[in-house]
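Quick note, the sequences are listed as chains A and B, same order.
Sequential numbering from 7 applies to the first sequence in this note's numbering.
Sequential numbering from 7 applies to the second sequence in this note's numbering.
It is worth saying that the hints were derived from the structure and are not from the lab.
Treat the hints loosely; a few may be bogus.
Note: identical chains are not told apart, hence a pair may lie in one copy or across any two.
What the hints assert, rightly or not - In silico DMTMM-like pairs for lysine to aspartate or glutamate, Cα to Cα no more than 20 Å straight-line:
(1) 169 to 292
(2) 66 to 55
(3) 254 to 59
(4) 254 to 108
2 protein chains.
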Amino acid sequence: MDTLLARAARGERTERPPVWLMRQAGRHIPEYRDIREEYSFLEAIKTPEVATEITLLPWKYYQPDGLVMFSDILTVLEPLGFSYHIESGVGPVVENPVNGPEDTDRTFDDVREELEYVGALLRRLDDSVGDETALIGFAGGPFTLASYAVAGEPSRTHLPLRKLRARHPEAFRDLLSSFAEVVREYLQFQVDNGADVLQLFDTYAGTLTTEDYREFLLPLHQEILADLDVPTIVFARKMNGRLNLLEKSGANVVGLDWTVEMDAARDQLGETPVQGNLDPSYLYSDPAFVRDQTRNIIEAAGPEGHILNLGHGVHKDTPVESVEAFVETAKDWEW
Amino acid sequence: MDTLLARAARGERTERPPVWLMRQAGRHIPEYRDIREEYSFLEAIKTPEVATEITLLPWKYYQPDGLVMFSDILTVLEPLGFSYHIESGVGPVVENPVNGPEDTDRTFDDVREELEYVGALLRRLDDSVGDETALIGFAGGPFTLASYAVAGEPSRTHLPLRKLRARHPEAFRDLLSSFAEVVREYLQFQVDNGADVLQLFDTYAGTLTTEDYREFLLPLHQEILADLDVPTIVFARKMNGRLNLLEKSGANVVGLDWTVEMDAARDQLGETPVQGNLDPSYLYSDPAFVRDQTRNIIEAAGPEGHILNLGHGVHKDTPVESVEAFVETAKDWEW
Chain A
7 MDTLLARAAR GERTERPPVW LMRQAGRHIP EYRDIREEYS FLEAIKTPEV ATEITLLPWK
67 YYQPDGLVMF SDILTVLEPL GFSYHIESGV GPVVENPVNG PEDTDRTFDD VREELEYVGA
127 LLRRLDDSVG DETALIGFAG GPFTLASYAV AGEPSRTHLP LRKLRARHPE AFRDLLSSFA
187 EVVREYLQFQ VDNGADVLQL FDTYAGTLTT EDYREFLLPL HQEILADLDV PTIVFARKMN
247 GRLNLLEKSG ANVVGLDWTV EMDAARDQLG ETPVQGNLDP SYLYSDPAFV RDQTRNIIEA
307 AGPEGHILNL GHGVHKDTPV ESVEAFVETA KDWEW
Chain B
7 MDTLLARAAR GERTERPPVW LMRQAGRHIP EYRDIREEYS FLEAIKTPEV ATEITLLPWK
67 YYQPDGLVMF SDILTVLEPL GFSYHIESGV GPVVENPVNG PEDTDRTFDD VREELEYVGA
127 LLRRLDDSVG DETALIGFAG GPFTLASYAV AGEPSRTHLP LRKLRARHPE AFRDLLSSFA
187 EVVREYLQFQ VDNGADVLQL FDTYAGTLTT EDYREFLLPL HQEILADLDV PTIVFARKMN
247 GRLNLLEKSG ANVVGLDWTV EMDAARDQLG ETPVQGNLDP SYLYSDPAFV RDQTRNIIEA
307 AGPEGHILNL GHGVHKDTPV ESVEAFVETA KDWEW
């Protein structure tokens, strides 16, 4: 399988940049809101036919070069024994968060069995997605998952987890390792069920000091990403100035948040393929502005090893016509 | 006046690094909690004798090289006609946030009159602070103030303000400019009333793309900081990899958040003085760990132009003995 997206992920020169958007399936699409009147978020991700329908919605509008499965970065909490639900106005709430430093070295249930609904989703999608479109799977990364598991809810500062690091560094290490093992198995499971490209979202990892990142997290990213037989992308925010830590994860592609200037990314990373990185808030502007800004990013990235994406997920009330302008700019490009 | 802090701020070699902590006056100190049983936060900052007492509390414990006035980065909202209060569990709530793009080009009242309580505080402090200790004043920066003024409350993503930038760039520019004018006048007022050193906290500015930062914000930082007759420090988070944007503000000192490795900061900034940058969550660890980590930062920064500080404000339940270990490490240092 040799999609445009896979080729760019391997650093090849492509005739135009492949394009997809983080969180493209969902929130900003009108039909999604209709579906969600019938199913809660967790019901939708756990019901393969519903999740398939949602995954394919962006296709109707934009024909991106990759279709990312409609799922949640937190699904792997459950094989580790954490239950969670989504609370309106709050976000994910973990009902049984980590109960002190003794509660961090966790065994896990059979990932393939517990997350079979994701396997089923990927198999369905594999049947519906054409040969030229990459089927993108993903998982949350250890720091990000652990932040929810310790705080029990979204945390702006991630302070509960950072306190665990300060007070009980070995417990912190154990917790991240437990997550890394599950994530590793989960990503392999996604490959076995048809994922063509994988993205590891350790979105909040940049909250760590560089020294802690290097000591506690980088080896786990390396373990997770080793031996996966498809192109991989790693994404974390607040990594500007130290993008080499993402590069060292072993991922094929370094995902860039919108605060990284593309020229600076290329300076830091040399020929390593990159993904990104339009500011998602720019999509609230008019299509002409979106086109201009998107062109600037494509120009700065150059023809080799660039996957066009946003610098973070699509916001929920983003106008469809801006997303169209964004995708079309890539699709009409000619190097 | 030639305090250790002012000398380091000018880039001189100092026999040891001067030290203070962002948010040192307040929350983590036991006596502060007693005072707050009698006065609300806003009452405390607006009552010069109370604010003086709180400002001096860290002196009893730590004898830092700088005493930062007990105040709020949001005080300048009021001269621009915004009323706000602090809501428990939420933070600052602006009662009359910006009401659309027509509401952004604002005139302001006499800053010296409206914020006379800050002048009174500084004059009192100027009388109590010894010659060797720097009296530190501060203000919020335009992006950070505008985020509160537009969102009406703390915003994790600053999306309301970023939407204004996308949809109404001229209104965004006007709003930032209005804040810059007030802040400029306010900082001059602080100098006139005895501040020895000033810090501009545009904490959230790093949320902007580099291009927007350069276009909309940097000229305002330059205007604000020009012609102030005392050493100045500029602080914003998420600026790693583009610290030169802070340097270009004209501030004497670039404040570093904890995600910037000190070596990398020196690489990016050359001889420009820096301030920082222990991870404030490290203070939850034991004093030995705090000492080790603090020593590493001092060593990496070297003897010239370094003010030791945290990489963000002190968290509220931080143990006093960790802060002692932090301050003492600087005070016992000999280059």
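Consistency of the hints with the structure:
1. 169 to 292: This pair counts as between: shortest inter-copy Cα distance 12 Å, intra-copy 43 Å.
2. 66 to 55: within (17 Å within a copy, 65 Å between copies)
3. 254 to 59: neither (36 Å within a copy, 50 Å between copies)
4. 254 to 108: For residue 254 and residue 108, the Cα distance exceeds 20 Å both inside one copy (31 Å) and across copies (48 Å).
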